[in-house]
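K.L.:
One letter stands for each residue in the lines below.
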Amino acid sequence: MAERNRVPNDVLSDSEAALRMMDAILEELQGGKDRDEAALDHAVGQVMQRLEAVTPGSPDLAALVMHVYLDVIETLRILRRTRSALERATVEQVQATQQKLREVSSTTELAATDMLDGLDRAIAMVDRLEALAADRQDDEESKNVRAELREELYRLIVVLQFQDIAAQQLSHASSVLRNVEQRLERVVGLLDEADLVSSPDSEGEAPDQAHERTRTYDPAASMLDAEDRQALADEIFTPIATRDR
Amino acid sequence: MRFLVVDDSVTMRRIIINSLQRIGYTDCVEAGDGSEALERFDASIDCVITDWNMPIVGGLEFVQQLRQREDGRRVPVIMVTTRSARDDIVAAAQAGVNNYVVKPFTPQVLKEKIDQVLAGAARAS
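Going down the list, the protein sequences come from chains Z and U. In this text, residue positions in the first sequence follow the working numbering: the first is 1, and each later residue adds one. In this text, residue positions in the second sequence follow the working numbering: the first is 246, and each later residue adds one.
Chain Z extracted, bound-state conformation (with noise of 0.2 Å):
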């Protein structure tokens, strides 16, 4: 009997040697994060002669464990590639893009500023013409091109509502690779083995919905439909605002 328990009792003990092994050579693997090729394959040398050295009866053992580890290599490898790939893109292209929209919005508001400037400016002009056509009995083609030339300013001032609602759009586009910057951040943590328990902030709520309470944009903002969606508005509106308060 005690003889025909000797073997399990071997390969046993032999696996519990052979997996706190292996348990010392993956820390060891964690905390060598930069450690090049030439080590790892360095390090599965020595393990095979140590796998060897603790399995001496069990060759069936010893290579399902160096399998197992050459797995185990393999998919570190390819963790470490995808978080090195997913770290380069949260911090160079999303928010070089994010800068980018900043960029196109901060400048389209400078402009239009600058052309409402100009605009004025436009208008105190034809003023001015007016103050002098008044003085001097100008006919009446040169009054109609004066007329018409200060609704084609003002029809323009109009048309500069484009930026604010540009603006909108640009924020919500910014808001959306936040949001993937910020997921993205999540799954680069949850390949740090410090971070595979959840901590407080990946148990919170999503980002899109703590950012969807501040946001100071409409993400359906357009300049399309505009008369479709203010007839809307009207058929709500035109009785409350008709009415006597």
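Hints listed in this document are in silico derivations from the structure and should not be mistaken for laboratory results. One should not assume that every hint holds.
What the hints assert, rightly or not - Below are the EDC-like pairs computed for lysine to aspartate or glutamate, each with C-alpha atoms no more than 20 Å apart in a straight line:
| hint | chain 1 | residue 1 | chain 2 | residue 2 |
| --- | --- | --- | --- | --- |
| 1 | U | 356 | Z | 234 |
| 2 | U | 356 | Z | 227 |
| 3 | U | 356 | U | 284 |
| 4 | U | 356 | Z | 228 |
| 5 | Z | 143 | Z | 127 |
Since the structure is predicted, the reported quantities are computational estimates derived from the model, not experimental observations.
Fit chain U to the given chain Z structure using the hints.
P.N.:
Frame of chain Z; chain U shown alone:
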């Protein structure tokens, strides 16, 4: 006739004020958000034109707070905003907004809405 124009976009405030001037209203007070608007508002204001999406205190919350004040209970309020979903428009009406203009607007539409609310206010007083 004195207007309080509330919008976080400087461009939009200028466009609204310019439109008001074109239709004959030259006396305007400006505010960049609802909080500033609550500070600037007083009994001299005859009509409020406000945006919805703004920092600190948004347009809807501003109107709700204004309606709780004795001096702001009856002042006509027109919301000028890009928001045009039915639920949003209904929410604005429930908050105490008197008329609603969807951006981008034309000065003609703004004038029409101002005329409507001022006529309603005149009949009530």
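K.L.:
Each hint needs a verdict: does it hold in this structure or not?
P.N.:
How the hints compare with the structure:
no., hint, verdict
1, U:356 x Z:234, "14 Å, holds"
2, U:356 x Z:227, "15 Å, holds"
3, U:356 x U:284, "26 Å, violated"
4, U:356 x Z:228, "18 Å, holds"
5, Z:143 x Z:127, "11 Å, holds"
The earlier numbered hint that this structure contradicts is number 3, and it is the only one.
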